[in-house]
Amino acid sequence: NAGVTQTPKFQVLKTGQSMTLQCAQDMNHNSMYWYRQDPGMGLRLIYYSASEGTTDKGEVPNGYNVSRLNKREFSLRLESAAPSQTSVYFCASSSHQGSGNQPQHFGDGTRLSIL
Amino acid sequence: GEDVEQSLFLSVREGDSSVINCTYTDSSSTYLYWYKQEPGAGLQLLTYIFSNMDMKQDQRLTVLLNKKDKHLSLRIADTQTGDSAIYFCAEISYDTGRRALTFGSGTRLQVQP
Chain A
1 NAGVTQTPKF QVLKTGQSMT LQCAQDMNHN SMYWYRQDPG MGLRLIYYSA SEGTTDKGEV
61 PNGYNVSRLN KREFSLRLES AAPSQTSVYF CASSSHQGSG NQPQHFGDGT RLSIL
Chain B
1 GEDVEQSLFL SVREGDSSVI NCTYTDSSST YLYWYKQEPG AGLQLLTYIF SNMDMKQDQR
61 LTVLLNKKDK HLSLRIADTQ TGDSAIYFCA EISYDTGRRA LTFGSGTRLQ VQP
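Going down the list, the protein sequences come from chains A and B. The opening position of the first sequence corresponds to residue 1 in this note's numbering, with each subsequent residue numbered one higher. The opening position of the second sequence corresponds to residue 1 in this note's numbering, with each subsequent residue numbered one higher.
Read the hints as simulated data drawn from the structure, not as lab findings. Keep in mind that the hints are not guaranteed to be accurate.
Said to hold, decoys possible - Computed Cβ-Cβ distance ranges for the label pairs, DEER-style:
| id | chain 1 | residue 1 | chain 2 | residue 2 | range |
| --- | --- | --- | --- | --- | --- |
| 1 | B | G15 | A | M27 | 30 to 38 Å |
| 2 | B | G82 | A | R111 | 17 to 25 Å |
| 3 | B | G82 | A | P61 | 20 to 28 Å |
Stated by the list, open to error - The calculated lysine-lysine pairs, modelled on DSSO-like cross-linking and capped at a C-alpha distance of 30 Å, are:
| id | chain 1 | residue 1 | chain 2 | residue 2 |
| --- | --- | --- | --- | --- |
| 4 | B | K67 | B | K36 |
| 5 | A | K9 | B | K36 |
| 6 | B | K70 | B | K36 |
| 7 | A | K71 | B | K36 |
| 8 | B | K70 | B | K56 |
| 9 | B | K36 | B | K68 |
| 10 | B | K56 | B | K36 |
| 11 | B | K68 | B | K56 |
| 12 | A | K14 | A | K57 |
| 13 | A | K9 | A | K57 |
| 14 | A | K57 | B | K56 |
| 15 | A | K57 | B | K36 |
Backbone N, C-alpha and C define an ideal beta-carbon position, used for all residues, glycine too.
Please construct the entire structure, taking both the sequences and the accompanying hints into account.
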């Protein structure tokens, strides 16, 4: 099982360039998430999609847009990259919203550097 | 709002037990998770506990929950060098309407041979 797949694994951009990070899951999960991980700050939620066709802002959405292309895919776009967006980006998915134990499953991350 | 705190670093000798601590602020029905992150990798789910439980054991892992103090711990018995990683505590409470996990900043576990 592939689980959650992120592409690319590494990317270097210049300030002002645009970039789309791709994420796909093969677990038939309804909910998908984008986080960024910075040293000493844990993971912070950028955007999430509770179900196909819906997206909502998380804790740090500024400078990002998302698209829930279908049930499997959830992409994150940087329209005009800034050095403050240098980070490791993780995509995650979980089965559904509501209640009950619904752990999130993570991809291996995209390491993004903005020069 | 929700907040999860962890100590940043723990060093133990191989074969000893490791105890990683976490405190959280959410007071409603909550699921609490422990994730492990090895260098250059994503987060791997280790175990979880619901807030109506006091303890959960899974092989070398024991999770203890003190609801009164909102304190969660992860004990790793017979710690091995392969356990060296960053461990994240995370919580979610559906009663608050939140839709995603709140993570601590992670505890780096270093296992000395």
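Each hint, compared with the structure:
no. : hint                          : result
1   : G15(B) to M27(A): 30 to 38 Å  : holds, 37 Å
2   : G82(B) to R111(A): 17 to 25 Å : holds, 23 Å
3   : G82(B) to P61(A): 20 to 28 Å  : violated, 37 Å
4   : K67(B) to K36(B)              : holds, 23 Å
5   : K9(A) to K36(B)               : holds, 19 Å
6   : K70(B) to K36(B)              : holds, 21 Å
7   : K71(A) to K36(B)              : holds, 27 Å
8   : K70(B) to K56(B)              : holds, 16 Å
9   : K36(B) to K68(B)              : holds, 26 Å
10  : K56(B) to K36(B)              : holds, 17 Å
11  : K68(B) to K56(B)              : holds, 17 Å
12  : K14(A) to K57(A)              : holds, 25 Å
13  : K9(A) to K57(A)               : holds, 24 Å
14  : K57(A) to K56(B)              : violated, 34 Å
15  : K57(A) to K36(B)              : holds, 26 Å
Figure legend: structure checked against the earlier numbered hints; hints not met, in rising order: 3, 14.
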